[in-house]
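According to the working numbering, numbering within the sequence shown proceeds without interruption in unit steps and concludes at 618.
Rather than coming from a laboratory, the hints here were simulated on the basis of the structure.
Nothing here was measured: the structure is a model prediction, and the numbers come from that model.
For every residue, glycine included, the Cβ atom is placed at its ideal position computed from N, Cα and C.
Misleading hints may appear alongside valid ones.
Simulated restraints on C-beta separations [unchecked claim]:
#	residue 1	residue 2	range
1	Arg574	Gln450	53 to 59 Å
2	Ser71	Pro275	25 to 31 Å
3	Pro93	Ala150	41 to 47 Å
4	Tyr319	Lys430	24 to 30 Å
5	Arg465	Ser71	48 to 54 Å
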Amino acid sequence: MNDQIDALADAPVAYHLRLRAPGSRLIEVACRVRNPDPAGQRVSLPAWIPGSYLIRDFARHVVTLSARSGGEPVNLRKLDKSSWQAAPVDGDLVLHAEIHANDLSVRGAHLDPAGAFFNGSSVFLRVHGQEQAVHVLHLSPGDEAATTGWRVATAMPRRTGTAWEYGAFEAGSYAELIDHPVLAGALDVVEFEAAGVPHALVLAGRHAADVERLRADLGRLCAWHIGFFGEPAPMPYYLFLLRLSGEGMGGLEHRNSSTLVCHRDRLPRPGQAGVDRGYRRFLGLASHEYFHAWHVKRIRPAELADADLGREAYTRQLWIFEGITSYYDDLALLRSGLIDVAAYLELLGSSLTAVYRSPGRRRQTLEEASFDAWIKFYRPDENSPNAQVSYYRKGAMVALALDLEVRLRTAGRVSLDDIMRVLWKTYGRDGIPLPEGAFEELAAQVTGLDLGEFFHASLRSTIDPPVGILLAQFGVRLHMRCTEGGGDAGGTPGARGDQPQPWLGLRTRAINDRLHVSHVLEDGPAQHAGICAGDELLAIDGLRLDAGTLDAATAALDIGRMVDVHVFRRDELLQLGLEVGAAPRDSCYLSLDDGAGEAAAARRRAWLGLPKA
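Generate coordinates for the entire structure from the input sequences, incorporating the hints supplied.
See below:
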């Protein structure tokens, strides 16, 4: 380990990371500090990772940590859960850490015989007082032969070695160092260009994907995003680091890369025509994280710029960054030509449905949802649907309403697109953090409109934005219907029409083939019957239930009828009387209104980015 660090003698802070023992999931990291604090060097690991607002305490995965100087041991005193202080030394300080890596999410670190993935916030000690110094990393394989042949992918600038191989890398600061995740293993690399910028999709995990289709579609999508904000693109190159598995979906943004987790079956197969729902979800995920390269990584909320990663950083602006991004992620698929209008309206209907199905939107404002992300959105519980709303989903709804409102009131001269481009030029391009309230002021300046009432109602009250009324002015009808079972995400007309549907007022999940109540919705039949979250559902109306029969059993009930429900609550069997309710119309779908007139149709074409008639 020391030999590799010695080769980086010019670096103020140097790391050598070795994928030591994939079988035991141990990553070994040495950190050499060239000029340690003469009073004793303090080091720490972050408690959270930018882009994910939950205290995760990455230091809990440190197995051992020791320090040496001049070959002699140095006393290391732990100060709190995430930081240590070394005794004063003359000369270099070298710290050695063993870190257990078994987090398969996009936020942590993982190592096994199939490959490795890590974020710097999980493995690289912060050297206090030298955060702005150049940080250099040497990455090398471990003891097991399999790691020797692995390919390596990261957007961190390379110092030595060949592309896609082990070697040395350099970052201009600690913040930059931990903004470059690393993926290693038997990787498939799909390279392409967008607006002259080199890009690559790096795939880890088994798949049978049509890589040429991925190359073409991602190239088209990225070119649209670059054109939206305006050339030149802010990144010299960009990597999508994609890990494929049999479950899970998610992503995390970085300045020149993003990390994605996706079910392998969502990728297109050779010969597959069109864009099915699974592939749409993958493209929407890639679009979302790529938009963040501008809007989050460069246009940044002031409260999160240079935030202390050892403690929470609160902001009321998350709806701007995640909500507006969630509005444009699917819209970009349509405007870039990857999906058609019908597919986009289905996606938009599903997104709106997620808000309408959240009773908590009547309790929590959008600004409150942003501010409380640390304790609510990222820590959901059995009462979350009744008490909170997603700043992603409702933020996207507000972005839609803002876009349509501005287009209507300016007769199409200005849109949210224009606001975003001015936001980029004013704040993002030069790296100026966005203060609270500045977005509202900028929107008013760009549009020439008084938007105070709109923002107050949308952000600081629990009133739903009037998206149905607004969409009608663009020749789009919003329809509400009842939910038709647990797999119904909205966005389509459904199979049962407009007839009232029986409703229990609860949500469930299967645990070891048993059906458990996950949520009881406020003021619904289940709550009135005394059913609680955590109860195991056994039978309704005398018939046994399981995950495969619940929807059909519910649909067969008569609204207003009293039925017996049998549950286990802990180890006690209970029989409860439930009056079957009528399901609320909380699922929506959208359709084109051919009778809305040419003016509405023209507005719709401009909004959706379609050619003029």
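* If any of the earlier hints don't hold here, list their numbers in rising order. => Failing hint: just 2.
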